[in-house]
Amino acid sequence: VGILGAVAFRRLRVNIEDYFLVSRLAGFFILYLTIVATYHSSYAILTSCGTFYGTGVFFWDAGTWTFITGLCSYILGYRFWILGKKYGYMTPSDLLSDFYDSRFLGFLVAIIMAIFLIPYIVVQAMGLGYIISVASEGVIPYTYGMIALSLFTALYCLVGGLRAVYWTDVFQGIWMFIALWVAGLFLAFTVFKGGIAEVFSILAVEKPALLTVNVPYTYWLSMTFVFSFGIVLQPHLWVRYYTARDPKTLKWLGATTPLYLMFIYVPAALVGFTAAAAVVKGLMPEIVKTYGTVDATLPAMLVKFAPPWFTGILLAGASAAAMSTMDSQFHAFSLVLTRDIYQKINPKAPDAALIRVGRIFIAIAFLLSAWLAVYRPGIIFDIVAFAGAGTLQLLPATIGAIYPTGRFKVTKTAAITGIIIGSIIVIITEFTGRLGLPAWLYRPYGFHGGMIAFLVNIIITLIISLFTKPPSPEKIEKFHKLLEEEIYKK
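In this note's numbering, the protein residues as written are 33 to 522.
Treat the hints with care, as some may be off.
Below, computed lysine-lysine pairings styled on BS3-like, alpha-carbon distance capped at 30 Å [said to hold, decoys possible]: (1) Lys510 x Lys521; (2) Lys521 x Lys283; (3) Lys280 x Lys507; (4) Lys117 x Lys521; (5) Lys507 x Lys441; (6) Lys521 x Lys118; (7) Lys510 x Lys380; (8) Lys118 x Lys501; (9) Lys507 x Lys117; (10) Lys376 x Lys117; (11) Lys507 x Lys521.
Per label pair, the in silico range of CB-to-CB distance [stated by the list, open to error]: (12) Lys501 x Ile143: 21 to 27 Å; (13) Ile392 x Phe221: 48 to 54 Å; (14) Ile143 x Ile206: 33 to 39 Å; (15) Leu243 x Asn378: 57 to 63 Å; (16) Val214 x Phe136: 47 to 53 Å; (17) Phe136 x Leu243: 49 to 55 Å; (18) Lys380 x Val214: 51 to 57 Å; (19) Val237 x Ile143: 48 to 54 Å.
Rather than coming from a laboratory, the hints here were simulated on the basis of the structure.
Note that CB positions come from ideal geometry on N, CA and C, so glycine has one too.
Let's have the full structure, built from the sequences with the hints guiding it.
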């Protein structure tokens with residue numbers, strides 16, 4: 033990984049578009065692996081195993097949201113690419129602020145994205161800390177391991193820009209997929225002689241609740257939106273669509289990314305269910321009581337049942353999952369603040385200065401996320417859901433910008449109001465207990481707060497749009513006519 037980062041630095045051109053968008057020349061193979069590696073973080077490796085262990089088959093809902101994530105290459109990504117290529121957009125704020133003709137909206141989107149990206153970076157840092165701590169059986173403390181690997185990730189991202197991120201993602205994306213499949217099959221057939229069949233037989237008798245969907249359908253629906261559209265609208269994934277070489281690349285992404293995204297959860301289920309069966313049979317101590325979190329399920333199982341050298345190789349794959357997302361998030365945090373805040377304040381800054389400022393923001397992201405990760409603010413699943421819920425609030429404004437809607441037009445005032453109120457609701461519902469608010473606000477009727485916020489956001493956007501000034505005809509033609517010409521060849 034370090035070598036790849038160094039090579040990327042040597043090939044770096046001193047211009048902001050190459051540093052942040054690899055000159056918009058990413059081909060299918062590299063873009064495919066960087067998108068799937070970026071989407072699948074420590075959440076996908078550690079939390080998926082832990083959630084299957086603690087909650088059961090509910091996590092198969094991941095098949096739904098990963099399928100929708102693939103469709104987003106068509107629903108959103110292709111349109112982002114057309115507009116970005118034509119008008120030189122580099123960030124989500126570039127697109128939205130131009131359509132709605134609002135500098136304030138550009139600042140707002142950048143700040144919202146930065147705020148909800150930090151918890152997602154914290155998740156990667158926590159995952160790295162858990163892996164090192166459990167794998168070393170406490171010899172290397174959580175905090176030291178977390179800081180060391182997070183710092184290493186920040187350094188190669190800082191030096192090589194998005195080119196370094198892409199090249200390392202190719203390596204890490206392949207490694208983590210193979211590692212999790214090997215870990216799942218190895219554990220299922222090593223812990224129990226009867227393999228997968230015996231694991232499910234034990235659970236069917238001893239813990240049947242794990243084999244039943246035991247969460248409200250409203251929560252299932254919420255997670256589907258939060259982990260598909262919400263995550264895709266995170267800046268580190270949105271920016272990926274700008275970097276594609278051509279439309280064909282994006283179409284192939286839409287058809288193939290769900291395969292990787294969905295199939296990686298099969299071995300995760302094997303790890304989680306094998307761990308649950310092992311605990312039932314007394315072969316393994318209870319994970320949460322021993323390690324404090326279900327997120328330790330995978331490393332704990334490997335340390336218990338695999339040889340040390342084998343554990344090291346497989347957990348390097350789990351570390352790759354965290355690092356391949358963290359580097360993209362460092363880059364995205366830097367990009368939105370450099371491009372959408374600093375460059376707007378200092379528009380005459382040369383590219384070399386923008387790159388230096390971008391590197392400073394990467395350092396800030398590292399320091400802030402490492403500091404928060406020390407306190408382990410929650411389980412990884414909940415933190416990622418919070419991050420996705422926040423950026424989900426950008427969807428109504430985004431749809432208004434990239435989809436022709438006939439006579440009805442989303443207005444600047446409606447977009448701004450919807451984003452602000454939706455984001456506030458996400459924060460209030462997530463921190464209900466700490467704010468001293470009624471407990472029922474946390475998950476009203478089983479809905480995640482992000483889904484409640486999204487529904488309120490839609491209603492507000494629709495109502496305010498009816499009574500406020502729409503975007504100018506020139507903006508409508510600039511966006512919607514171009515999209516119709518390119519997509520429908522009108």
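Now for the hints, and whether the structure bears them out:
1. Between lysine 510 and lysine 521 the alpha-carbon distance is near 15 Å, which keeps this suggested pair within the 30 Å criterion.
2. With a CA separation close to 16 Å, the supplied pair lysine 521 and lysine 283 stays within the 30 Å bound.
3. For the given pair, lysine 280 sits about 27 Å from lysine 507 by alpha-carbon distance, which is consistent with the 30 Å threshold.
4. Only pairs whose Cα atoms come within 30 Å are accepted, and lysine 117 paired with lysine 521 is accepted, the gap being roughly 17 Å.
5. For the hint pairing lysine 507 with lysine 441, the CA-to-CA distance comes to about 11 Å; that is within 30 Å, so the pair holds.
6. Pair hint lysine 521 plus lysine 118 holds up; C-alpha atoms about 16 Å apart against a cutoff of 30 Å.
7. Of the supplied pair hints, the one linking lysine 510 and lysine 380 holds, its CA atoms being roughly 26 Å apart against a limit of 30 Å.
8. At most 30 Å may separate the alpha-carbon atoms for a hinted pair to count; lysine 118 and lysine 501 meet this at roughly 26 Å.
9. Between lysine 507 and lysine 117, the direct Cα distance comes to roughly 17 Å. Compliance with the 30 Å bound is thereby established for this hinted pair.
10. For the hint linking lysine 376 to lysine 117, the alpha-carbon distance of about 20 Å falls within 30 Å, and the restraint holds.
11. For the suggested pair lysine 507 and lysine 521, the alpha carbons sit about 20 Å apart, so the restraint of at most 30 Å is met.
12. Between lysine 501 and isoleucine 143 the beta carbons are some 24 Å apart, a value that agrees with the proposed interval 21 to 27 Å.
13. For isoleucine 392 and phenylalanine 221, the hinted distance range of 48 to 54 Å is satisfied, since their beta carbons lie about 50 Å from each other.
14. A hinted range of 33 to 39 Å for the beta carbons of isoleucine 143 and isoleucine 206 is consistent with their spacing of about 35 Å.
15. Separated by about 58 Å at the C-beta atoms, leucine 243 and asparagine 378 satisfy the suggested range of 57 to 63 Å.
16. For the pair valine 214 and phenylalanine 136, the beta carbons lie near 51 Å from each other, so the given range of 47 to 53 Å is met.
17. With their beta carbons about 51 Å apart, phenylalanine 136 and leucine 243 fall inside the hinted range of 49 to 55 Å.
18. About 53 Å separates the C-beta atoms of lysine 380 and valine 214, a value consistent with the hinted range of 51 to 57 Å.
19. Checked against the hint of 48 to 54 Å, the C-beta distance between valine 237 and isoleucine 143 comes to roughly 52 Å, which is consistent with it.
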